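Top to bottom, those sequences are chains A and B. Heads up: the first sequence runs through residues 8 to 148, numbered per the numbering used here. Heads up: the second sequence runs through residues 8 to 148, numbered per the numbering used here.
Simulated from the structure, these hints should not be mistaken for lab results.
No copy labels: a pair is met if it fits in one copy or bridges any two.
Keeping only pairs whose Cα atoms sit at most 25 Å apart, straight-line, the calculated SDA-like set for lysine to any residue is:
| hint | residue 1 | residue 2 |
| --- | --- | --- |
| 1 | 33 | 64 |
| 2 | 33 | 43 |
| 3 | 33 | 48 |
| 4 | 33 | 65 |
The structure presented is a predicted model; accordingly, all values stated were derived computationally and were not measured.
Number of protein chains: 2
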Amino acid sequence: MIGYIVTGHAQFATGVTSAAELIAGKQDHLVACNFDDFSNADSIYYKLQDAVNELSDCEEIVVFCDLLSGSPYNKAIQLKVDTGNTHMHIVYGINLALLIEAFTARGNDSSLEEILAIPDMAKFFMGVVADAPAADEDDDF
Amino acid sequence: MIGYIVTGHAQFATGVTSAAELIAGKQDHLVACNFDDFSNADSIYYKLQDAVNELSDCEEIVVFCDLLSGSPYNKAIQLKVDTGNTHMHIVYGINLALLIEAFTARGNDSSLEEILAIPDMAKFFMGVVADAPAADEDDDF
Numbered sequence: 008m009i010g011y012i013v014t015g016h017a018q019f020a021t022g023v024t025s026a027a028e029l030i031a032g033k034q035d036h037l038v039a040c041n042f043d044d045f046s047n048a049d050s051i052y053y054k055l056q057d058a059v060n061e062l063s064d065c066e067e068i069v070v071f072c073d074l075l076s077g078s079p080y081n082k083a084i085q086l087k088v089d090t091g092n093t094h095m096h097i098v099y100g101i102n103l104a105l106l107i108e109a110f111t112a113r114g115n116d117s118s119l120e121e122i123l124a125i126p127d128m129a130k131f132f133m134g135v136v137a138d139a140p141a142a143d144e145d146d147d148f
Numbered sequence: 008m009i010g011y012i013v014t015g016h017a018q019f020a021t022g023v024t025s026a027a028e029l030i031a032g033k034q035d036h037l038v039a040c041n042f043d044d045f046s047n048a049d050s051i052y053y054k055l056q057d058a059v060n061e062l063s064d065c066e067e068i069v070v071f072c073d074l075l076s077g078s079p080y081n082k083a084i085q086l087k088v089d090t091g092n093t094h095m096h097i098v099y100g101i102n103l104a105l106l107i108e109a110f111t112a113r114g115n116d117s118s119l120e121e122i123l124a125i126p127d128m129a130k131f132f133m134g135v136v137a138d139a140p141a142a143d144e145d146d147d148f
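Okay, chain A solo, but in the shape it has when bound:
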């Protein structure tokens, strides 16, 4: 089993997780860690540590972070380095498409490598809707 941790600033982690579970179904082996005690940057380190311990029966753990170089990301990296945990993998900049795809892939017994390839795919599901040309911009010729 591959364990999942979702982490981010304020209510990002629980917010995006609620949306992904609504669409892809409730998940086992999933812990959402909000960084909401801003007076203590280490608080998210200890939450992540607890989450990793809670997922101790998982062979691999993927940590889905809201933002490259934010505190949740930095503390996840620090925890991986401090513990020398080569089974902890860190994804950053997640959006909902990425997380839904990760939930679905795990449900389909996809490999760790397949799951870690999802961010490259999810980039194509971020964009802007192009406006149709306005009628008064049309020419008759």
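Starting from the known structure of chain A, arrange chain B on it as the hints suggest.
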């Protein structure tokens, strides 16, 4: 002024907004619309309609949606078409980097065109941390 609406399934919109405001500061002319009445898909249409009305003093409105082709996205498109509102612009697949950049850009009086170029940039802030080679994989030659 450019108005912002953030919308998504369950608590996505309020979650990502709480994180972006924590980092980029509290925002005026911003409405977060959670799609949380799943028994009624039109509920998010009416929330978006109320949000557009609330931002009626804005020359342009950007709607930041969680997911391409989800209900919040589909209803935003429908509202734009129903009202023929050419000042309503729709972004999808947002992540936290995109929203922080959009908040910052607006604060710096960036143009609508500059704001609508942010999703292409934000794609580069989604990825996987590459593992360092394990020590036992090193060769001495």
